[in-house]
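Colleague: Given chain L, put chain S in place with the hints provided.
Residue numbers (my numbering), protein chains in the order written: chain L, 295 to 926; chain S, 61 to 449.
No incorrect hints appear here.
Only pairs whose alpha carbons sit at most 30 Å apart, straight line, appear in this in silico DSS-like list of lysine-lysine: (1) K172/S / K593/L; (2) K681/L / K615/L; (3) K624/L / K179/S; (4) K502/L / K457/L; (5) K172/S / K615/L; (6) K833/L / K650/L; (7) K593/L / K368/L; (8) K328/L / K355/L; (9) K179/S / K681/L; (10) K497/L / K457/L; (11) K497/L / K515/L; (12) K681/L / K172/S; (13) K106/S / K333/S; (14) K454/L / K497/L; (15) K650/L / K760/L; (16) K615/L / K593/L; (17) K179/S / K593/L; (18) K624/L / K355/L; (19) K624/L / K172/S; (20) K179/S / K615/L; (21) K328/L / K920/L; (22) K106/S / K92/S; (23) K833/L / K454/L; (24) K615/L / K368/L.
For the record, the hints were derived by calculation from the structure and aren't laboratory data.
Here's the letter readout for the chains.
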Amino acid sequence: MRYFAALTILFMSFATMASASEAPLLADLVSSGKLPPVAERLPEVPRVMQIDESTQRTPGKQGGTIRMLMADPKDIRMVTVYGYARLVGYNSSLELQPDILLSYENDRYRVFTLHLRPGHKWSDGSPFTAEDFRFQWEDILTDPDMDRGGLDAVFLAGGKPPKFEVIDPLTVRYTWETPNPLFLPALAGTRPLDIYSASAYLKQFHAKYADPDKLAAEVAKEKVKDWQSLQIRMARSYRPENPDLPTLQPWVNLTAPPSNRFVFQRNPYYHRVDQNGVQLPYVDELVMNIAESSIIPAKTGSGESDLQERYLSFTDYTFLKEGEDRNNYKVRLWTVGRGSAVALFPNLNTTDATWKEVFRDPRFRRAISLGIDRSQINQVLFSGLAKESASTVLPGSPLYRDELGAAYSQYDPDAANALLDEIGLKRSPNGTRLLPDGRPMDLIVESTGESSMEADVLELVTSDWKDLGIKVFTRTSQRDIFRSRVAAGSTLMSVWAGVDNGAPTADFSPQEFVPTDPYQLQWPMWGTYVSTHGTAGEKIDYPPAEKLVDLYQDWLLAETDADKRKIWGEILDINAQEVFSIGIVTATLVPVVISNNLMNVPVEGISSFDPYGYFGVYEMDSFWMKNAAGGN
Amino acid sequence: MTLPQNATSLPHTVTDAPFDPEAIYHYTDAQKALFEASQLRLMWWKFRRHKPALVSAIFLGLLYMSILVSEVLAPYNLHSRHSDSIYAPPQSLHLFHNGELRAPFVYGYDFKLNMENLKREYVPNTEKIQTIRWFCSGDDYDFWGVIPATFHIACPAEGGSLFLLGTDRLGRDVLSRIIYGARISLTIGLLGVGVSLVLGIVIGGMAGYYGGLFDVISQRLIEVIQSIPSIPLWLALAAILPITWSPIFVYFGITVILGLLDWTGLARTVRSKLLALREEDYVSAAQVMGASSFRIVSRHLIPGFASHLIATATIAIPTMILGETTLSFLGLGLRAPITSWGVLLTEAQNINAVALYPWLLWPVLPVILVVLAYNFLGDGLRDAADPYK
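One chain only, chain L, in its complex shape (with noise of 0.2 Å):
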């Protein structure tokens, strides 16, 4: 309560001055009484960013354009990633904090209580309050007429919903019988959950609220064959395809689909504001051009971006290195986030019953992964600039241990024989060695071809393999047939990255170490037996994957922050033993290309989609061009 105190009367102090900071583009609307002033648009507590040395930025000034390229119209999404406005959002530091919501109260991850700010409007204007929560919930979720296939798993606590209620306009409950530590991450996610929606719009389009007549015809207008498509059409807000769609981003959305140039415009209702009172976002428009992904880098090269790191590779930073000067641009070297940045996958749920009988033998796992030359690859692929380990967290974790990443990971080819002869597997005359029904070791690794790195790490790795006695031949499918493939059990091994979120904290969701969903190119089977509690896949029939699943289920139901980090702990230590996936290098780095007329923007980042959203947990908002008339 003293916290909320505070920030009112912070509030007060500079409410008279906001009025005075009006942004270059709304100053006109506003003068011309189309527009309300901002202190009577911003919520009556504004969350109030800091930004000055204390965060290494500085305070900015409105206005301006952001140029990014993008190579499809669906990457509208990215502004939604990278403006990241959350209901509650994480900081650079990973640490969760109330964004959209004035606070909220967690009762051990049962009963989660969330205020919203008195005040708050959507992009339109109108209020922000606990009805477009109630009809998110009941009209779009749970309404049986919207036929959503049951509530996405992460309602789901012991496999129950929760209870909804609306204790007051400005407050709602979401109540579980057990424990759901997946609430929160999921609204804090890079694409959020979503419990709330723009209802004073959107009821246009719902048949509980709209006239017939009416809706009949708009959904004749938009060619959808009934009602609820329509609803889903209008209401798409992580990728916002509806100009007339109000939402609580940073930016709006001004151009309809078709197009090759996508403009967002600043929302005059955003609720946060810096430590002097001037509305974020400081920059008033995102242009977002549409350009064919391999000819994004020469554009980029050639200064037609002021802040791009989607479709750069690290193998063009030398080539946009040389253009710096000539188009005033620099190129920062972000951090992947990932767990690893190539790992290989054995698949312990194929078909083949032979060559599964080896995989789920861990000396032989252990062996592949001590007969690859990390260093090699490194030092050919990412001059030496990334690190080599297994696959597992990154460095940056508080959950990483130097064990952790040395597991299996050092070159060793005479450990590696060794251990492969112990096994049991003879070489035949000409080197390769024999499955113990006498066929070759002939190993496909499966690839979707979509990364040349995947397939230069996958030449090294053949050639080292081959010192093992082992030959791998590579097969290329398109994405969809991948997965397919691998989920049907199909395939040997395949190759991919590492864990999503390389650098989680305890609170985060430890699933992607344990077989928890059908696309795990390790245990596809088993993660669809998990997921679908049993009715599909196969029953997990092997030890130390069951494990996993216990310990999975304890993590769930962990009610303090040092049980949940000892789980973790267990978990990464039981994927080291095993080596289930073999990493090969981590701690990547990705080029960032930033205008020098662009300010704030961090010098070193984790370039990750989830949970760092790119530049969301960077504060996007707090970007601002330092000359905002000059384009370039």
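Modeller: Same frame as chain L, now just chain S:
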């Protein structure tokens, strides 16, 4: 007819003097050779006069001979990597050092990784004179994939390097890869073209000559085959061919199957040509004289449009070579570790290659030359084979 009663036979004499058929017009030896020459000989004479075609034929001949001994010609093995020479620029060949004539040599590189922009910088060091060794023992290889050997025509100096066209991202010699790549790029299309040519002539020929039921059936079959979209078919084929096959086999398999599907256009052309030609008087004459159908088609009809067939075939081969590049780009054709010019170009297909490592684009040159040469050759052959000129 009987003679009149009082008629006497006319006097006549038979001269003993030798008959000279050229008494009125005397043919020179050259003219005689021309008139008596076989069809093939006539074609060769005409072809010889088409200089670009002749040069192209010699050029292609040499290239095809080179693929017999690629391993020996290439200074390095196809797969040998040099981790210390990644993205090394081409080393130029020198004959003079300090104004003094020497055996051909290259200057060795001093390598430095520029940590500022992560560029690999190579500076020729004039102290390091690396004389090329000739008829030497170098990288080991399996000749034609079978016989282990180490003999090369040219090798780098002991401990030195010889990257006349630079190296790629794994430090592999581009020149060696182009030489090896020729083996696949030049042969991959021949089989498919051959299959489609034979099928097209036989089926189209029979349909055109006999007509009737065979014609109807074959035409409907052609329509069915032409309606099958080729890209999904390729995808399916690429998926079902066993992966433990050598990827070349897989690709050969696919080209043959493509050839099996690709004959339809040619068959239609052959059919329509034959429909027109079979009404000609000389065909009726041949039929009256009792020539068999096979003889009529092969001796009288096919030569009538051989020029067309030759043009089709010679244009189909470079189309196959370009097609290999296209398909590799789509991820359907050849893929590393198989090395063809198309694969090499696919690997060079980004802004880095153009801006920083332009030598990776060298495989363009043989592709252009071969395609041009085939076109000139086809032009010359068509002119030579055309009986109406």
